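Asks: Given the sequences, and given the hints that come with them, work out the whole structure.
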Amino acid sequence: MARDVSDWPKTIVHADMDAFYAAIEQLDDPSLRGKPILVGPNSDRGVVLTASYEARPYRVGSAMAMAKARRRCPDAVIVPPRFDRYTEVSKSIMGVFADFSPHVEAISLDEAFLDLTGTNHLFGRPRELGTKLKDAVREATGGLTVSVGISGTKYVAKVASDYRKPDGLTIVPPEEAQGWLAPMPVTRLWGVGPKTEKRLHAIGLETIGQVAAADPDWLSDKLGRVGQHFHALACAQDPRRVEGQRRSKSIGSERTLGQDVSDREEIRRYLRRSADEIGRRLRRKRYLAYGVRVKLKTAGFQILTRQHRRRQPTDVADALYEDASLILNNFDHPGPFRLVGLAAYDLVRQEQTDQADLFSAPQRPRKLETAIDDLKERFGPNVLRRATDLRKARQTPNLDFLHDDEEDDDEK
Amino acid sequence: MRLIIERNALLKALSHVTSVVERRNTIPILSNVLVAATGKSVKLTATDLDIEVIETAPADVSQEGSTTVSAHMFYDIVRKLADGAQVELSLGPDEGRMALTSGPAKFALQVLPPNDFPDLSAGDMSHAFEISAADLKRLIDKTRFAISTEETRYYLNGIYLHTAETDGTEMMRAVATDGHRLAQIEVDLPKGAEGMPGIIVPRKTVLEVYKLLEDTEASVKVELSTSKIRFSFGDVVLTSQLIDGTFPDYGRVIPHGNDKILSIPSASFAEAVDRVSTLSSDKGRAVKLRLGEGKLTLSVNNPDSGSATEELSAAYDADDLEIGFNARYLLDITSQLESDDAEFLLSDPGSPTIVRDTSDKAALYVLMPMRV
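Just so you know, the protein sequences line up as chains A and B, in that order.
Taking the numbering used here, the leading residue of the first sequence gets 115, the next gets one more, and so forth.
Taking the numbering used here, the leading residue of the second sequence gets 5, the next gets one more, and so forth.
One should not assume that every hint holds.
Stated by the list, open to error - Ranges of calculated distance between the beta carbons of each label pair, as one might list FRET restraints:
id, chain 1, residue 1, chain 2, residue 2, range
1, A, Pro308, B, Thr230, 46 to 52 Å
2, A, Ala413, B, Gly96, 46 to 52 Å
3, A, Asn444, B, Ala366, 39 to 45 Å
In short, the hints are calculated from the structure, not lab data.
Please read all numbers here as calculations on a predicted model, not as lab measurements.
Every residue gets a Cβ at the ideal spot worked out from N, C-alpha and C, and that includes glycine.
Replies: Next up, the structure:
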């Protein structure tokens, strides 16, 4: 079905390793092969990080509480995660991708976009290209499989890689993409979670094709600005580029609020939460930030930003929040605001910076924060919350649909 | 108001007060200078609400009065008048404009009412003393490079002026630090300063005072309280708010047990650091110092541009040591050293290092290393 890749305006590949953590465990320990296994901490409150394909018929999957998964699949072997090993394997996979294209956007340890536009003379048609990529990954890892989707946009490529898992290869020529998406349920739209799914169903939209056929203005009326976004995706339009060598330039967290806010203390509470989130992500990615930027969107959709460059880079949420709180004083606009965002930019690798400080005061908050990181890693993101957040939590869903993936939440 | 003043006298006074006026102001009157004619002089006042500078200049006053005009514009006009010219300032009956006349040149400057001009009332000052201009300049000059500009640690955005005991004698000590380096200098305690509170004098204030002191040899009268400080000398009075914060206990970051001592000619060391750091990037790449018996090797390695090394002979006989420092910081400190030789007191690559003049024990610098 595929013609020459050169006919495609863009060739975007999405490669997604199959049950990555579980597959590595089965690769390293032959006794686990063919058995249902759950990778994750073996405690009642832990969550499943990955379930092997053998376990999936029992309706267990990532992010499910370990206790629940064990009830559903009592025979499963529970394997504690070994992140060092996963990182090591990830490096060799990313190395394979880099052999195919200089434009590789790693989304997480086991997932990446590749821009292979104009490479048909090197790798052949999409099917050949996909097969070569899969073979190369299998060879480099000693037997792991990857599912590959190839199309003209990031969105369709991502849906395609998930279309026939595991070990799949799905090619969707750009001109067939919209029709190919049409019968799929709206949950396949990037950014549609259970809540949005309900809202879409409520206005009579069950399939992607129905979303594509709907009037975008009407969608915006019903859903807010994300309506336009869903419509574009449903029409297989997704202008985002593969971000090349992705050294995330900034890490941000922002919230479109259920209710507009003007009160500075309330804005600070959102900034506090964003700071916690950003601090955690900086530490996980081993970055330190020099820059701190606060973003407010007024009720009239005017975007205001103020920023500050630190003398000493940090990955400590307390320090980010302290900066954000000072920066907030530089906004004259009285509000109300519909979005509150915080971003850390001007990032350097932890091991790159290295001016020691005479008064290394941030050590104590950092220790506390890394302890919390560990807890969340083991018991899930909701194990600890700030008391100030409990009351408001329900009203403020994070609508930032670009941040749909837990691992990939860098600000674009 | 009507007065006549000589252009140079007016220009000097204006240049002194105008430098505290911020170029951009949200409160319009802060862009203005207050001109007040009384007796045989004119008093010029400018403020940014944190600092107020008043300078008095002799003038031939025929009618007392006051007004405010744009400081920068006033200064620019006077600057362009002929050397030694007579300048007449007057406020017309409608008081809407200040007339400035000098020979054939006539200006009418828009005014704002003098009553609106903010008064940085000082309140009661608890301590007063006289200090020589030389000592005050030294306190500022040796420490100002280390003042922090980081907003979050605002209490480091100034010089910490306090009394401290050294070898049984009360001294007046100034300390500044940005967390990466620290500078400490002391002078004899002026009479009247005993028991003064430790105060943090903001960066802008010390830089202004230093500028104003440039050609002053006389002594400076200092008055202070826990919230304000005032410097009076010559025709100038500068009053400033202090930073309301607690300066960290800097004593605990000054190491006492550093027993590896490197002694090296300051000038050739600074030149060598400057040369090898040509390759370091602006984010402050480290210069590596490798110390071995009788010699010091400086090196910079920048993956983006190349590498450089230079070997110097030096007095050193402790164990070999490798330590990295920000090149900029090394240069800042060596430029403060006055004697021929610099002394480095080192411990290990992760601990603070002391740098000092071999001949001047009143000044002390502490430098945090970089990981290399």
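Asks: A separate judgement is required for each hint: does it hold in the structure or not?
Replies: We went through each hint and held it up to the structure:
The hinted window of 46 to 52 Å between Pro308(A) and Thr230(B) is violated, with their beta carbons roughly 59 Å apart. Ala413(A) and Gly96(B) have their C-beta atoms about 49 Å apart, which keeps the hinted 46 to 52 Å range intact. The supplied range of 39 to 45 Å is met by Asn444(A) and Ala366(B), whose beta-carbon atoms lie about 41 Å from each other.
The structure is inconsistent with hint 1 alone, although it conforms to all the rest.
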